[in-house]
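For the sequence shown, the positions run 1 to 583 when full-length UniProt numbering is used.
Derived from the structure by calculation, the hints contain no laboratory data.
Be a bit skeptical, because a hint or two may be false.
[Stated by the list, open to error] Now the in silico label distances, taken between C-beta atoms and shown as ranges: (1) Glu578 with Asn553: 13 to 23 Å; (2) Glu380 with Glu475: 42 to 52 Å; (3) Arg368 with Gly116: 22 to 32 Å; (4) Asp503 with Glu131: 51 to 61 Å; (5) Thr249 with Thr211: 50 to 60 Å; (6) Asp223 with Thr117: 26 to 36 Å; (7) Arg363 with Thr129: 33 to 43 Å.
[As the list claims (entries may be wrong)] List time: in silico PhoX-like cross-link candidates among lysine-lysine, alpha-carbon distance up to 20 Å: (8) Lys262 with Lys456; (9) Lys366 with Lys415; (10) Lys581 with Lys471; (11) Lys115 with Lys397; (12) Lys290 with Lys390.
Beta carbons are placed, not taken as given, at the ideal position from N, Cα and C, and that holds for glycine.
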Amino acid sequence: MQPTKRSKPKRHHVSKVTCNSNQNTPTPNPEEERPSYNILGKYRRDVLLGIGGLYGASALSNTNPLAMAAAPILQPDLEHCCITDDVPPKGVIEAQVYCCPPRSSSPPIDFKLPKGTPLRVRPPAQFVTDEYLEKYKLALKRMRELPSDDPRSFKQQADIHCAYCDGGYKQLGFPTELDFKVHFSWLFFPFHRWYLYFYERILGSLIDDPTFALPYWNWDNPDGGMVIPLIYRDEDSPLYDPRRNPDITPDTLVDLNYGSGKDPSVEQNLGVMYTSVVSGAKRASLFHGKAFFAGKQPELGGGTVELGPHTALHRWTGDPRQPNKEDMGRFYSAGRDPIFYSHHANVDRMWNIWKTIPTGKRRDFKNRDWLETTFFFYDENKNLVSVKVKDSLDSKKMGYVYQDVDIPWLQKRTKPKRTRKAKQVAFTQQFGGIGAAIAAETGPSSKFPLTLLDSKVTLLVKRPKQLRSKKDKEEDEEVLVIDGIEFDGDDDVKFDVYITDEDVEEIGPENTEFAGSFATLGHSHSNMNMDKKIKTSLTLGITDLLEDLDAENDDSILVTLVPRSENVTITIQSIKIEFEKEE
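Generate the whole structure from the sequences, applying the supplied hints.
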């Protein structure tokens, strides 16, 4: 099932936000009394000094040294939480989106890894028992029944994603407003792991079952997993959300390359998984995403899973009848659909699987700035808890694992569409030999900034080194870097990347020539960034790809970019090949 071709709708700015501190209380909605958003209250200074240590103390100064050097993101500035205050165009679901958590009556406590607790086993959603399903429904029913200002309530849990992912928080300790966002960076996996950890514990506590574990949507497995789980389709169940794509039936195959204009297939889905997790993600920076330091703008570059199957499933599930494809199709509303948590459980499962693959250097970052990054969550006892990335690296130490199932894509190495000889003949016919190829390299199509609108662009990209040894390949991953990607953040954006000059409509993710995708959901900005475009990057591992295409001796490769978003302008500042070392 593919998106319907249509002209681009008018933008629906659910996204414009302004930020308020405890000195400037937002004007309350007369129809709803909002909780205070000053979550730290009088404990703000203690948090700055206690959690951040030297970093936190320096952050109290306007001459903040963190702005001049790399440093961990301490925690979001919960004293300045944002609320939408503009009136969107007619038809938008709600005029204001308030994502801020309720006030904490106590200072945050530091998280400690559990000891002596039962190990929770997360089951695949397609294989859960009737007994399990009844427990899950009861837990979520009770969560939905909690008062809306209870931090354990379904409303508050859903709002966590809105606040952390849609511009709700600012970085703590900086004089200028810098967003604290977890997408498009190395924070993506650890943040969502912590998010699900506390959500799961709250559900278990509501039914007095410490062994309760979330089901995962096993969308990478054709054995019953590549469809929307039946447990989420019962309209009388608390697991149901009416704001989903109505064209999805129980038999509709998930599309892990959603938006490509091609009908999905099991082979394509397996190809997406192999490229995203195996061949294209041999380094932490490729899998997790770009580093995000204190004092820097967010969204520097997402990892292969985030920009690939993760985003595809969000867009595939979201309701096209809604102004912004709510719920799953928009960051601010995604957590309102219970399937979101099962979707992200499978995303989290990819982190565990990735580290077990023997090829490449698949080790998490050792960088202290990553390990010390801090988030806040409420636990099952309504305590505000401070957590760090370093405590999220091993799910088993956190008290949960995933039930084992077959992983067919691990051995599903993609295959070239055509042989090397056939490619050489086609290249000569199209470009007329070496002279024309050089002209193509310096011609209009390769001048930067490059604009992607409604037609593909093919250009020749030089390789710094050819015929690398096995040891060289183990030490340094060859990567294609597409930098300075710029677009309107309110748009859903997608383009595919191929290493070929052929008719890409004949090539799919099951083919080696498919290097990967860049895909995002439309999302909001703070008032500081309201008139600015998103600026980010895409980095794809291509060592295995070049081996399989028999292109290791080539001094240049043909790169084709295919825009998949209608009436969306994307500009690109540079495309180059580099070598990625382990960080």
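Hint check results:
| no. | hint | result |
| --- | --- | --- |
| 1 | Glu578 with Asn553: 13 to 23 Å | holds, 19 Å |
| 2 | Glu380 with Glu475: 42 to 52 Å | holds, 45 Å |
| 3 | Arg368 with Gly116: 22 to 32 Å | holds, 30 Å |
| 4 | Asp503 with Glu131: 51 to 61 Å | holds, 52 Å |
| 5 | Thr249 with Thr211: 50 to 60 Å | violated, 34 Å |
| 6 | Asp223 with Thr117: 26 to 36 Å | holds, 31 Å |
| 7 | Arg363 with Thr129: 33 to 43 Å | holds, 36 Å |
| 8 | Lys262 with Lys456 | holds, 16 Å |
| 9 | Lys366 with Lys415 | violated, 34 Å |
| 10 | Lys581 with Lys471 | holds, 13 Å |
| 11 | Lys115 with Lys397 | holds, 8 Å |
| 12 | Lys290 with Lys390 | holds, 17 Å |
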